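Colleague: Full structure from sequences and hints, please.
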Amino acid sequence: MRSAAVRSPAKRVYRIGIAQALYFRHQSSLEHDTGPHPEGPGRIPAIERELAERDWLGYERRDAPEVAMERLTAVHPREYVDHVRRVSEAGGGAFDPDTVASAGSYGAALHAAGGACAMVEALTTGDAAAAFCGLRPPGHHAEPTEAMGFCLFNN
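The sequence shown begins at 22 in our numbering and counts up one residue at a time.
Simulated from the structure, these hints should not be mistaken for lab results.
These numbers come from a predicted model, not from an experiment.
Cβ atoms here follow ideal geometry from the backbone N, Cα and C, with glycine treated the same way.
Incorrect hints may have been included.
Claimed, not checked - Label pairs and their computed distance ranges (CB to CB):
id, residue 1, residue 2, range
1, T94, D117, 20 to 28 Å
2, G170, V141, 17 to 25 Å
3, D103, G61, 20 to 28 Å
4, G170, E74, 26 to 34 Å
5, D84, H104, 25 to 33 Å
6, E91, L144, 16 to 24 Å
7, D117, G63, 15 to 23 Å
8, R99, E69, 31 to 39 Å
9, P59, E167, 14 to 22 Å
Modeller: Listed below in structure tokens is the structure:
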């Protein structure tokens with residue numbers, strides 16, 4: 022059963038049930054080029070097409086900020102963060118068969134991690150009751166000192 026989306030004229034956001042929803046995105050997600058790999062830039066337009074088809078794009082959309090370096094280095098040693106930056110600045114490379122970087126990967130990864138932090142902050146401060154990040158690269162497989170499973174930084 023599909024939940025009904027109701028437009029809130031005062032805030033121009035949708036409410037799913039009683040939840041005000043935020044959608045975090047950033048253009049840099051499209052600049053993380055993974056070549057022919059399935060985790061590619063086409064995921065973001067596919068997500069947004071699905072949201073549009075369901076008439077859910079009335080969510081309040083926000084640009085994901087870059088993660089604060091203090092937050093990122095609370096999870097990843099600075100040496101590892103610098104390594105990811107250098108690989109990206111050099112035009113990219115493979116960390117493992119599933120995890121690659123391009124020239125745009127470092128910036129995209131900073132925004133993906135920053136968007137995750139902004140989403141949690143919005144939820145915990147009451148700024149939103151529901152939120153979603155349409156960002157890449159994903160982060161759920163990254164280890165503190167190792168990129169893996171398509172992920173550069175754990176977000």
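Colleague: Each hint needs a verdict: does it hold in this structure or not?
Modeller: Right, here's what the structure says about each hint:
1. At about 22 Å, the CB distance of T94 to D117 agrees with the hint of 20 to 28 Å.
2. At about 21 Å, the CB distance of G170 to V141 agrees with the hint of 17 to 25 Å.
3. One distance hint, 20 to 28 Å for the beta-carbon pair D103 and G61, holds here, with the actual separation near 26 Å.
4. Separated by about 29 Å at the C-beta atoms, G170 and E74 satisfy the suggested range of 26 to 34 Å.
5. With their beta carbons about 27 Å apart, D84 and H104 fall inside the hinted range of 25 to 33 Å.
6. In this structure, E91 and L144 meet the distance hint of 16 to 24 Å, their C-beta atoms being roughly 20 Å apart.
7. A beta carbon spacing of about 22 Å between D117 and G63 agrees with the range 15 to 23 Å that was offered as a hint.
8. Between R99 and E69 the beta carbon distance is about 34 Å. The supplied range of 31 to 39 Å therefore holds.
9. Checked against the given bound of 14 to 22 Å, the beta carbons of P59 and E167, roughly 21 Å apart, stay inside it.
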